[in-house]
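Trainee: What follows is the residue order along each chain.
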Amino acid sequence: MTFLELVNFYIIPGLVLGSIYALGAVGITLVFAILRYAHLAQGDLATLGAFVALAVVTGLGIPPLAALPVAMIFTAAVAVGIDKVFYEHLRERPKIVTVMASLGIALMIRSVVQVIWGVDAESYVRGIVRPQTYFGLRIKDREIYTVLFMLFLVGGLMLFLARSKWGKAMRAMSDNPNLALLSGIDNRKVVMLTWIIAGGLCAASGVFLGINTEIKSMMGWNMLLPMFAAAILGGVGRVEGAVLGGLVVGVAEELSVLVLPSEYKAAMAFVILLFMLLVRPTGLLRGKVL
Amino acid sequence: MKSKFFALALAGGLLAATALAGAPAHADVKIGLLGGVSGPIAAMAPAMIDAAQLAFQQVNEQGGVLDGQKIVGAVGDSACSPQGGTDAATKAVNIEGVTAIVGPHCSGAVLAAAGSVTIPAGVTVVTPSGTSPEITGLADNDTVFRTVPSDDFQGRALARTLKAEGYSKVAVAYINNDYGTGLANAFKSEFEAQGGEIAGFAAHEDGKASYRSNLADLASGGADTLVIFDYGDGTGLTLLRQALENGFFEKFIGGDGMKSDAPIKELGAENLTTFYASSPVGEKSDALNVFNEAFKAAGGDPDAIFVTTSYDAAFLLALAVEKAGGDKAGIPAALRAVSSGEGEAILPGEWKKAKELIAAGKAIDYKGAAGDLNFDQAGDVPGAYSLFKVGANGFEVVSEMK
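The listed protein sequences derive, respectively, from chains G and Y.
According to the UniProt record's numbering, the first sequence is numbered sequentially starting from 1.
According to the UniProt record's numbering, the second sequence is numbered sequentially starting from 1.
Quick caveat, the hints were computed from the structure, so don't treat them as lab data.
Just to be clear, a hint being listed does not mean it is correct.
As the list claims (entries may be wrong) - Some chain G residues close to chain Y (C-beta under 10 Å, calculated; not the full set):
hint : residue
1    : HIS89
2    : GLY104
3    : ILE128
4    : GLY250
Predicted model only: the values in this text are computed from it and were never measured.
C-beta: ideal position from N, C-alpha, C; glycine also.
Next comes chain Y alone, as it looks inside the complex (with noise of 0.2 Å):
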């Protein structure tokens, strides 16, 4: 008797649940926003978010997608762990039922997402931040896509650039999470190719609340440079505070996470002199400089970071699903199709020029705000680097990473 009343209610749940998922197909397009909204990258990701929700006001201002419909963002906060990522990739999925998601931001919420939640879904993800080299050898079905070139890369710049610029021996830091552990494999690698002595090398959990032993540890090496793959809203800021009221290193060098303003706010730039962070920028191109204006026009800072790569994702989408008809498994092969270097070239904001190009069946390729954006088989994107060094106004760049 009450197995049956199960078996009814179980039934109605999912009658109900069918006519749910079907409801929207008709209204909006959903795209999930899923970003660090909490958590180790906080500072950044809102505007990250809001560099995405530019691209959908575009669209939407310009005719929409499709029949006229609209754009919309459901943002969700995947607070830049594997749980957080995992969460907000579920509900997008299973409750806002999005066509496709920008996002999650950081490395270790993509690979639990994709890999729990998207990939089974046939969900297309494009991340404009999660740059772990793990993300390349995902078995994702070609799902997943990243508008950020992988840290294979950016590790390799980084020890090549350092190297040439006569540091020999340093000690490294690292996060204990994906994306540190992808980056400082890398840049040990190359490093030690190049002829460098890596003195120290070791991970750290995040959160703690001393990070002096650990830096005590690497310090031991004899290095005077530390290496610091982290967050500068987290732990990076911590071990960056410790180190430097410590005296353990003179100089210090951080990859992409490090390149936030609240080392900035918190230490003060006069602390921050011997301070140096890489990041992936945007080639100088007629894209970028378009993007700029109008993040610029809509108050956003088009020099936070990832606002290009975050920015390009949502656009490729928003083509992709144009492309595509609005068919959630014809993205993937949409997205290589409006951004494989042949045919007429659109720019950021260039909606209604590629609306009537797709259309009329004609190819067009999206030039991207942080570059060409051209995928590979692994959905990967090359990249460009710069060393950057605090200034006055914030972050200002040193030199180019080769």
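Chain G with its partners taken away, still in its complex shape (with noise of 0.2 Å):
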């Protein structure tokens, strides 16, 4: 196998899964930094997003890009609905008790959207598209802005969370929620915050799921472990961690067929997550919380 086979057919297939992985693991750590839980609905949300988008899509006939932002916003107004209506009322419950009412959640969105939708195989775009030849490197160029929009949203997720007033009381709370409401912050008006936030990204990584394969009904909770395995890896809390997680997740799914039968690809991330959880739980860019 020569250099660019693999750069071809693993590395880039693997960055490519790798972002998608991240945008979802971004919402993951945020909402485990804020609200101190697993959100095991996480995925669900994202295939609401695709679905959101496929409908804006065929009802207006716009390309999928253009419809990112209308189901970005719905499925972020759908999350910060989901825990005014479901999670508020267990926020001073142990918070397993909320882990546990997330997994319903996903089971009710799952289930909302094979009412609505159906449960066949949909796709954004019908047909196939052959990937460009930049110098010997094939690309799509799907691909090309999948990676970008995912450093674009994240970049200015950090940009924010940096330098803007509600940023900073995002981080504060993340630091000490008792802390922070004593000097002033709205607790309340965070963790509706990190909900838009949270979905927002959910609703992105469903839709460029969508764009690079197919929108089906089961496709965020099939990427819910990878994407929490890249929270972990990168260190839970660190959004720039979720990133660096999400990528080394999604080429090591990809390289692992080069070493282990191909039928083992989806337990690397399982790998991934337990061998952190043994030897350095903190992540590699050492989370806040854990």
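Need the complex rebuilt from these two chains, each delivered in its own frame; the hints are there to steer you.
Mentor: Shown next as structure tokens:
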């Protein structure tokens, strides 16, 4: 196998897949940093986002990238609504209750998607797209903009967290919610903001997965484990860590085929997850909360 | 004190359960219809369930079973997975109280549901699409049947056909479940026995977003033909798309699971000119024509995959219920009796005639839409296959497979 083949068939697909995982993992890591629980409905929120974008694409006849903002806003609103209707009442209870509740939410979202859009595989654009060749690298346009959009969204988020007033409030609440409350930060608004960001990123990961493969009602659920592995690998609570984790998990999954029988590819994320929890539970970038 | 209360509650609960379980015996006869409504064969399942419901509808219109009771199909979602199959079968057996089950649809679901639910409960299942060779060897007390031939036949027939048509070097990608593994192994052993070369043979997990590394690995063997044993609504579609987009292979051969409309719908027929799929077909017969007319009249597509086997499974079970007098334990023997190859021929939809013959104590022999369906020792049936290509109006037959 030549170096170019390695890059074309293993590294590039891994990076694209990793970018999709990264978008979801950032949401997971944010929710964990601020609300302190693992949100298991993250994958199915991504599915919802992908299907909302599908509805916009088929309804208005616009390209999926143009439908992305609509899907992000809609999913963000749904995420906030779910928090208000379900999680808010469980805030004072042990965290595990909310984790289990989120599993229930995941099933509910998936069922709603299946009722509205059915269970068939769909795609935004019919037909196939063959990749372009740049200096021997076989890349599709959509793969380039998947990675660029991920970097853009995450870059924007990091800037927001570092510079803006509400970003600082979110970080303060992540460090110590009680202290943040005493300093006059409205925790409820921070929680809402967290869900807006997490929901929007979820939708983005779902839409990009849909653009690069197909849209199926199980797509998000199947992504959940790699996304959690990515968040933990990078260090829970660290946005840049989730991106790094996502890319590493994506590439590791693809590269695993070189050394392991391919049916174990799906187990790769699990192996990474276990290994990190055993060896370095704080993650590569030393997460704040674990 | 507490334990006494618990014991009382348990006794009360059991009493209530017995009362509930006893009740439906005098009302309708329930037959479970377990199908992969969600999951990787979701696009195929509705037509299959409709076909089975058509059989029940015909039975009910022509006098019903036993003393004019109606047959009710209790639909359950086996999700094409072992877990889903077990859950759906548990619900059908314990809550719905079904007399017998049509389904589940996928091999993994059949094996799991049979092993953990229906065999212990003594409920007969007839799967219209569980094709794994594993099902043949189940220690099932004669309660597991199928109206679809085992993949042992399909894999070997496909291998012989490909070899005969000049394919000598292929790579095989199969989904890592009972269906994919069974079919792939049968194909491999026959293809190699015929002198062909398998230049790549790898399983893959369901539901991943990218299979390019898997495909690159398979393509490194140098074959230009990829044989895919997977589901066309699920991972098989992703695999096919990525193989086409990246030019890993030139020709593609699918098993019956790939003969789904999803690849045509999502990838476009113009991109699938080198894609062929094998599938069990009904042998041309009067029974098949009768079924086709009836299913068309009911608004169904008789060419959809597994509709003939689904219809036959449902109609056969209705005959068996009638023959066994509604006795759950007598259904396996009755099932063999109504389709033994001896007696008056019964075509699809001829319920009234069959009922009268059974009442008169005469032997009947159901001639199904999918074939004669004379079960062997293991509850399997022999089958016929054809190779399909994608034409302007969906799948078209290229050749029969021997």
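Trainee: Are the hints correct? Go through all of them and say.
Mentor: To see whether the hints hold, each was checked on the structure:
1. At its closest, the beta carbon of HIS89(G) sits 29 Å from a beta carbon of chain Y; the interface hint therefore is violated under the 10 Å criterion.
2. For GLY104(G), the suggested interface contact is broken, since its CB lies about 16 Å from the closest CB of chain Y, more than 10 Å.
3. Because the smallest distance between the Cβ of ILE128(G) and any Cβ of chain Y comes to about 5 Å, under 10 Å, the interface hint for this residue holds.
4. A distance limit of 10 Å between C-beta atoms decides the matter here; for GLY250(G) the minimum to chain Y is near 8 Å, and the interface restraint holds.
The structure shown violates the earlier hints numbered 1 and 2.
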